[in-house]
Amino acid sequence: MRKFYIVTVLMLLASACAAFAQPHRHERDRYDWREQVRNERIAFLTAEMQLTSSEAEKFWPVYNSLQDNKRKAQKDIIEAYRTMDSLVVAGVSGKEVSRAVDNYLAAVDRKCELQAEGAAALRKVLPDEKVAKMYLAEEKFRREQIHRLHHRGPDNPPAPGRPGQPGRQHCR
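So for the sequence shown, this note's numbering puts the first residue at 1; every next one is plus one.
Treat the hints with care, since some could be wrong.
[Unchecked claim] Okay, derived cross-link-like pairs now, PhoX-like style, lysine-lysine, Cα gap no bigger than 25 Å in a straight line:
#, residue 1, residue 2
1, K124, K70
2, K58, K133
3, K111, K58
4, K130, K58
5, K70, K111
6, K130, K140
7, K58, K70
8, K124, K95
9, K75, K111
10, K133, K111
11, K130, K70
Treat the hints as calculated values from the structure; they're not laboratory data. All values derive from a computational prediction rather than experimental measurement.
Use the sequences and the hints to build the structure in full.
Spelled out as structure tokens, the structure:
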């Protein structure tokens, strides 16, 4: 009987360890979802821009670097936004809120500067017509993704999101 209890406890511990060793389901799904969108974006942009293999070889490293910088800049914007929001909700006024607004606007301006620098880098590796096609294709892809989200069926659940995030900022 004692062996039965020991074996049962060991089996429970082993199953608990296996359960905790797996990544959480929502983290796996979110990663899969992001990877899927990234792959769809690559295929979409390549087709819309009509990139040759030599152009694609030069374009994708520059584009990926630009996207990484934009992601980091957007993260800074969100952080500044949250700080500003928490100060306003807490009822703080004066210099702290003024500084938070300045930080938020500086983060938005930095993102715009990165976009201008990225455009200059892209123009070094592609002709202007292809760069223009890239911007048009990005917007077309974004709109298609939004349309897909709004018209999803019961088998296409929404991606996990975070409410209270600032939307797209446009440069002045």
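Results of checking the hints against the structure:
1. At most 25 Å may separate the alpha-carbon atoms for a hinted pair to count; K124 and K70 meet this at roughly 19 Å.
2. Using a Cα cut-off of 25 Å, the hinted pair K58 and K133 holds, with the two alpha carbons roughly 16 Å apart.
3. For the hint pairing K111 with K58, the CA-to-CA distance comes to about 23 Å; that is within 25 Å, so the pair holds.
4. Between K130 and K58 the alpha-carbon distance is near 13 Å, which keeps this suggested pair within the 25 Å criterion.
5. Restraint check for K70 and K111: the C-alpha separation of about 6 Å stays at or below 25 Å, so the hint holds.
6. Between the alpha carbons of K130 and K140 the distance comes to roughly 15 Å, so the proposed pair stays at or under 25 Å and holds.
7. Restraint check for K58 and K70: the C-alpha separation of about 19 Å stays at or below 25 Å, so the hint holds.
8. Between K124 and K95 the CA atoms are separated by roughly 43 Å; this puts the pair beyond 25 Å, and the hint is violated.
9. Between K75 and K111 the alpha-carbon distance is near 10 Å, which keeps this suggested pair within the 25 Å criterion.
10. Taking the CA atoms of K133 and K111, the gap is about 21 Å. The hint holds against a cut of 25 Å.
11. Taking the CA atoms of K130 and K70, the gap is near 20 Å; set against the 25 Å cutoff, the hint holds.
Going through the hint list in order, the structure does not satisfy hint 8, though it satisfies all others.
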